[in-house]
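S.K.: So you can see what is in the structure, the chains are spelled out below.
2 protein chains.
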Amino acid sequence: MSNRNIDAGALIAVDWGTSRLRALLLASDGRVIEERDSDDGIGSLSGGHEEAFERLVLGWPMASAIMAGMVGSRQGWREAPYVSLPATVPALAAKLDRFVTDRGRSVAIVPGVMLRSNRRDGDVIRGEETQIIGLLDREPGFAGVAILPGTHSKWVSVANGAITDFQTYLTGEMFDLLAHRSFLRHSVGGDDASLSERPGFALGIKRTAAEGLPFLAAVFSVRARALLDQVDPADNLAYLSGLVIGGEIAAAAAGGSDRNAEIRIIGAKSLARAYARAFDLLGRKTGSLDGTELVTAGLVHLARAIGLIPGNDRP
Amino acid sequence: MSNRNIDAGALIAVDWGTSRLRALLLASDGRVIEERDSDDGIGSLSGGHEEAFERLVLGWPMASAIMAGMVGSRQGWREAPYVSLPATVPALAAKLDRFVTDRGRSVAIVPGVMLRSNRRDGDVIRGEETQIIGLLDREPGFAGVAILPGTHSKWVSVANGAITDFQTYLTGEMFDLLAHRSFLRHSVGGDDASLSERPGFALGIKRTAAEGLPFLAAVFSVRARALLDQVDPADNLAYLSGLVIGGEIAAAAAGGSDRNAEIRIIGAKSLARAYARAFDLLGRKTGSLDGTELVTAGLVHLARAIGLIPGNDRP
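These protein sequence lines are chains A and B, in that order. Per our numbering, the very first residue in the first sequence carries number 1; after that it's consecutive. Per our numbering, the very first residue in the second sequence carries number 1001; after that it's consecutive.
Note that these hints are calculated values from the structure, not bench results. For every residue, glycine included, the Cβ atom is placed at its ideal position computed from N, Cα and C. It cannot be assumed that every hint is accurate.
[As the list claims (entries may be wrong)] Partial list, derived from the structure: chain B residues whose beta carbon lies under 8 Å from chain A: (1) Thr1168; (2) Arg1225; (3) Gly1247; (4) Ala1250; (5) Gly1255.
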């Protein structure tokens, strides 16, 4: 390995989730030198994490690695502990699981965050905390709610530079189960690329989020609309999507989420657009940020905080 | 066919659902002479309904048949129309789909009931209306809510001898999807025969039905309990069951179901027991009736109303 390489690559930032392993070689100023990914997600591995990682970064300099996501879960490389609320950036940095591999590489795995509450029976995030750190890197004074839509959608309350509360919803998985695995599959159809543009989506949002129809009381209507009104299957899929996303928004409001809070939607473009559209229908403003960029920003921020790369020590 | 047989069997009452075909040969006083069933449910047939029926009743007298359930759906033998609300017994009797088969057998298929509402986008029942007629046959003055738990749980409001409102919940299917098809399947286990006796069931009911935690906000706790507290998988399955059934009860209350209404739970024993236990935990009294018996009572009641067998004409 040449000195040129070592100088050129100061840190490897790793987003290691259930289905993908993604690594970025970064310069000491945080600039991306090279990006690689593979399908060696945590869900497809049983052991061999170090080998899977080294395979991906073969030829890169022996820089320190900082990793976020399911890599720190019980099924991951090493279980990184959960930090309690309120979870500040220094607290998360202090609980990084740091170790040196047999090859001599220094690795740090970001901890998750756990919640205990009298109102419900616990909740956890793992991976999203790093995106929140990225959000705070971009908007240091942010106070409000960050929504991270997906298979398991997370609403994260942020104030004073810390995660103060959060809530997980099974929205993406619920939609998928109902649309593709339940008897409602006979009443919906078409693709789901631009569902949020369809009238059915707006009607679904109206029912559950604006009018307060409980999600469990609303969902059979998908069948009734097909049966009684021969609704177009693609519009009915959009209606189901609206009911589920609207149900999530209503549940958050019922759970005490501040209706006037600043909202940042963090995620992939099409899903973020559906959420932005839902809030727009409800007359609420939102801002959107790219989830992938925020993971990198969060990892760089943490790496700076513990001195893996030079930089200020702001928490 | 001998006269003895014709005298002995005055009516064939048929409960023809998605998975089962069940026929009872009845005397003119409603007494059951013989019962038979087969797995020729509507879900497994594509045409050939008359043949499937005649196969089952081979050797029985050429009595008139009255049928309830999915036999009257679009996928059934003939589509029997839906009656609007309020659905009285005479209105249901008047909309019976009556025809004579090529073999010369007189058949009547019970219509379903449909709902239109500004608050939601339609609802339907098919089969349950006959159980409600059976309930009204047993308790002519009943006013309150009849709950028919199952894959698709129905809450039916009854007053002045009519169905005045109803609501379908996907409770059974939702439980099955979450317990067996979602990622929560890794956090639950054991059998579900006596779930409602377990502490987890009571906790789930408390969360969603007593404390008002929205179902969508509650369900991820199933995972968190396994992860953070290593809860016994069987108790966690009971907790999920409590969340779903409690979510149904809460949704019904939010939808305007009268909290002081008389409740009759109509169904199979183990499921009816879980619902009775849920209401008991909430301090509400219920009565339970056997669903199979009520279908027969409803069919006999309708047969009398249209003169297929002798009897009073009470509606």
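S.K.: If a hint holds in the structure, say so; if it doesn't, say that too.
M.R.: Do the hints match the structure? See the list:
Because the beta carbon of Thr1168 of chain B sits about 4 Å from the nearest beta carbon in chain A, less than 8 Å, this interface hint is met. Below 8 Å, beta-carbon pairs count as interface contacts, and Arg1225 of chain B has one with chain A at about 5 Å; its hint therefore holds. The criterion of a C-beta within 8 Å of any C-beta in chain A is met by Gly1247 of chain B, whose closest approach is roughly 5 Å, and the hint holds. Using the Cβ-Cβ criterion of 8 Å, the hint placing Ala1250 of chain B at the interface with chain A is satisfied: the shortest such distance is roughly 7 Å.
The beta carbon of Gly1255 of chain B is positioned within 8 Å of a beta carbon in chain A (closest approach about 5 Å), and the interface hint is therefore held.
Consistency note: the structure conflicts with none of the earlier hints.
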